[in-house]
Amino acid sequence: MEEEEQPEWAVVPEDEYDALNDETFGGTGAEYTWEDPSSLFENVPKGLSDLNGASNGYPKSGVQTMGPTAPTDTGPKETEYYDYDNDNALEESISRLVLDDLEDTEDEEEARKLKLSRLGATSNFNTYFMPPQVASKHLHWLIDKELPGGSSLLGSSVWSMHPTAPDDTSSVHHTPPATVTKPVPPPVANIAIKQHSVRANHVVANNDSSGAGSVGGDSGISKFFGNVPSSTPKNLKAKKPVFKTVEEIEKELLEDGNKADLSSTIDEPSPIINAKPKVLMAEDLERELIQESPMQTPKSLEDNPSGRNPLQALGQFNQVFNTDSPTGQQSQAQITQNQQPTYHGIPTSNAANFGPSANVNFNSMQGGPQGVMNSTAANAAINNFLLMEQQKQLLLVRQGLLPTPPHHGMHPNMLPSGPIPPQLAQSFHHHQQQQQQHLRMLQHMNPHAMRHRMPMMMPLPPVIPQIRPHVHPHAHGFGPAPPMSSGYRKQMMKTDDPYRGLMTEKDKQRLRNIQIIQLQNDHPFTTDYYSLMYKVKLTPGGGDDVQKHQLLSKLYPKRDAENVQRSHYEPARFENSLGKLQAVSALAPKRVIDTFIRVTECRNTSRGGMKAYRYLLLEIEKLYECLLTMEEADIRVAILCNADERDCHRRSQNTEKITKILTNYEKLLSVLSVTKGKMLICRVLPLTDAALRYKVIGNLLDIFPLWGSDDMDKAFPYLRHCILHAEIRDLLTLIGAVTDNNVFESIVMTKLGVSLLTCVYHQAEILLSRCEPMLMEDLESLWTRKSVFGILAVLVKNDEMAEPIEIYPNMLDHIRRFALHSTDYQVLENILQRWASKGIPTRQ
Amino acid sequence: MASGGFGSKNARNTGTPNSSSQSSNHSNAQHELDPTILIGCANLLDEIDKRMLVVLRDGRTLIGILRSVDQFANLILHQAVERIHVGNCYGDIPRGVFLVRGDNVVLLGEIDKEKEESSNLKCVAVDTILAAQREEQEEKTIKELKRSEALKQRGMSYLHDSGINDEMY
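Protein sequence lines, in the order shown, are assigned to chains G and S.
Just so we're aligned, residue 1 is where the first sequence starts under full-length UniProt numbering, counting upward by one.
Just so we're aligned, residue 1 is where the second sequence starts under full-length UniProt numbering, counting upward by one.
I should point out that these hints are in silico values taken from the structure, not numbers from a laboratory.
Source: prediction; values computed, not measured.
Glycine included, every Cβ here is placed at the ideal spot set by N, Cα and C.
Taking lysine to aspartate or glutamate and the EDC-like style, the derived pairs with C-alpha atoms no more than 16 Å apart in a straight line are:
(1) G/508 x S/49
(2) G/508 x S/70
(3) G/660 x G/619
(4) S/50 x G/497
(5) S/50 x S/116
(6) G/657 x G/689
(7) S/50 x S/110
(8) S/113 x G/497
(9) S/113 x S/47
(10) G/506 x S/46
(11) G/508 x S/47
Stretch-level coverage of chain S by chain G, calculated; a stretch enters the list once three of its residues show a Cβ under 8 Å from a Cβ in chain G:
(12) 44-58
(13) 68-76
Just chain G, same shape as in the assembly (with noise of 0.2 Å):
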């Protein structure tokens, strides 16, 4: 041992391991010392502990039943199942040897009785692999007194897929624990230990008739438990196996199931129950159907044409074996006495599956070993057999000459009616899980290589030749199946289509909601097509085009034959959008951007045309691009407490490209020769300085008829807003602007302009009123001289004048001001009323 002390619970090294095998693996294992439990768990730390007995999948108690010597008082009593594991396990096995080497006790044959029930204590024998040296040794303790199958290892927890509670002793299965979802597949090892632990009862049995411990010999069960110890605790009850088919299994569940509909007590435990099934692997039965020696196969089996309906053969077979006939019987007992563990799934259940009438008949599985079976060749056949039937079976399922059967053990009318005592519903649970396990291996064995795998001598069944598509030469059809989750591979276990449910129930869910979403409607019975016509289609006489006309005026109540003008086109237009939309139809061909076409005089116009009037878009672009920005700024600065600097600098930066536009007048006349142009010239005018604003708005009048037109009524409110905020020096400005003939005729002419005007007096007199009376006379004058009474006696005069926009009630005030004609006063009263009975908005 290592100098320094090392805590009970360390794992010893190797070496010294190796040091311990002839304590631990010896045969006489005098020197084992064994510590009372709960002394030697009193240092351990939780997790290890946790680890030698909970971590591992099988049940902590249980092995309290091991007899009268067994401590009661040692280790947690309560039934706890674990998942089973075989690595956990055999590390287990490992680390109980470790803790067991490192005690020392005084007392060996207490500590050794300690360290038994320890170990029942901590594990369940059923799932303890022990060593087959020390399983000789205390092979008493493995005997399971309750299980009548006898030792445990040999129980049905070696083959069942769920361990057998130790507490649940009347029956070979137990319950599964709910926190078990999932089912554990019976491991291999647990057949290679089943075959240690044979070697290992058969060398206790020798060690006990011989007295010398010896590894080897045939594994005969039989043997074995012909030759119980004698150190055997008399209480314990060495019942010899019984094994059972699954047919066996199933029918005694069934009759156990009508005596419990009879009795209507179910508390006494099944006899099928006690009944250990035989399990076998697939591949282990292909095995030894390849290392068979020519078998003897049944008569009636030899004597049947490869091309039997698969009901008759399965129906003859088992009238071969029903036990009803006294060969029968005999055969039952050969099967029953079967050393090599059978399992008869999916064949026999699935032709019970068939219906009543495939005559299915199990036999039954009542009392003890009525014989040995000679050989194992006939029960190979036997195996062979079923697994043709069933492959023969799967291909007419596949070819949709037989429905598919369902996937449980049991005819639906065989089962017993009423409440299924929990242990035959784990046995079924446990006969699903195997069959569909099988029935998956089976489905995907190739037909062919099934046929390879049988013994020459066995009638092969027919090979149904399948209908191939013709494969163009260079078709990629299918190709390999994706990588598949749990959840896919559910999916797959369930149909044959691997690569269902590729689209998931999120995917779908979405599609769902964005047709909900397209169908919301405040008003689907008015605004929806095809609710409309359905409703027109429900009324007698299906409808006219009368009421087919009417409902789908109110589906498009603009669209009616009075509106339709095909020759209008509005293109849709969005707040800040830089550019239209371009809708391509034949009603309404292409347009980029609307240009004005206006008359110039002749001169040297920019070189490059084409290029110059796009360079000029591509400026109003980016002039836009500075407007927006000028506005987010002064809308930042408005808002904001503290506004940014780089709003601020950004602004005038932007300011000084605008002006650089503003001031050009060649520049804002080509400006304005583009729609945009002109709403962005006004737009940006608020934004600039008061003394550039008057003067670039004094210019636009000045050039009125060049790009004043009825369109460009949008522009009003923002001159409105600079008319409204100006001075009555800025008003002189835009006023001078006006005296020009052709200007004053256009301004007249137009609505804008008319607005304009208007709402230049409207202010002028606002102003006029608001200013002292010192200063009104010089204003007054300065008024008169830019002859506004020309103009508004023209204005008053003109009959062909348009309307404006709005009107100003102190128009007439201002017009009385300047002691105009009487009668140019009524006139101009009259086209303020008759502008009023039109509808036209009046602004305070």
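Since chain G is already given, all that's left is putting chain S on it; use the hints.
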């Protein structure tokens, strides 16, 4: 889409106003209970993972397992074959995975396996069916030419169908 039809599984309209109102009441009640029930809407989600027959605008017929759709009714067909029918025979050209744009679909419908197996159509090799199709097309062209000639002789102009159409529908 032909698969969806007018009305979902929950809507049963018999055509008469009374029954339709009752059914609409019932369907409305159901709609209130489950907002995901889309009454009166075609829904391709019910056809997922089913073997469908799709007719395209260019006249092609595709048969495949519908794996996925989207809001534009774009389809993903798995193990798709293009089926060419000539007379009583048909041939399948395997195409693998097909992505079909929704606006190219004329109709689609689920294939009844039993009916397909019990149909009188004969499956032939691809080369055979292609040759047959070529012959059929040539015959059609000759027929159209003759027709146009006959109509021309009778003083009517007729633009015969050359048989090559980008869009049949």
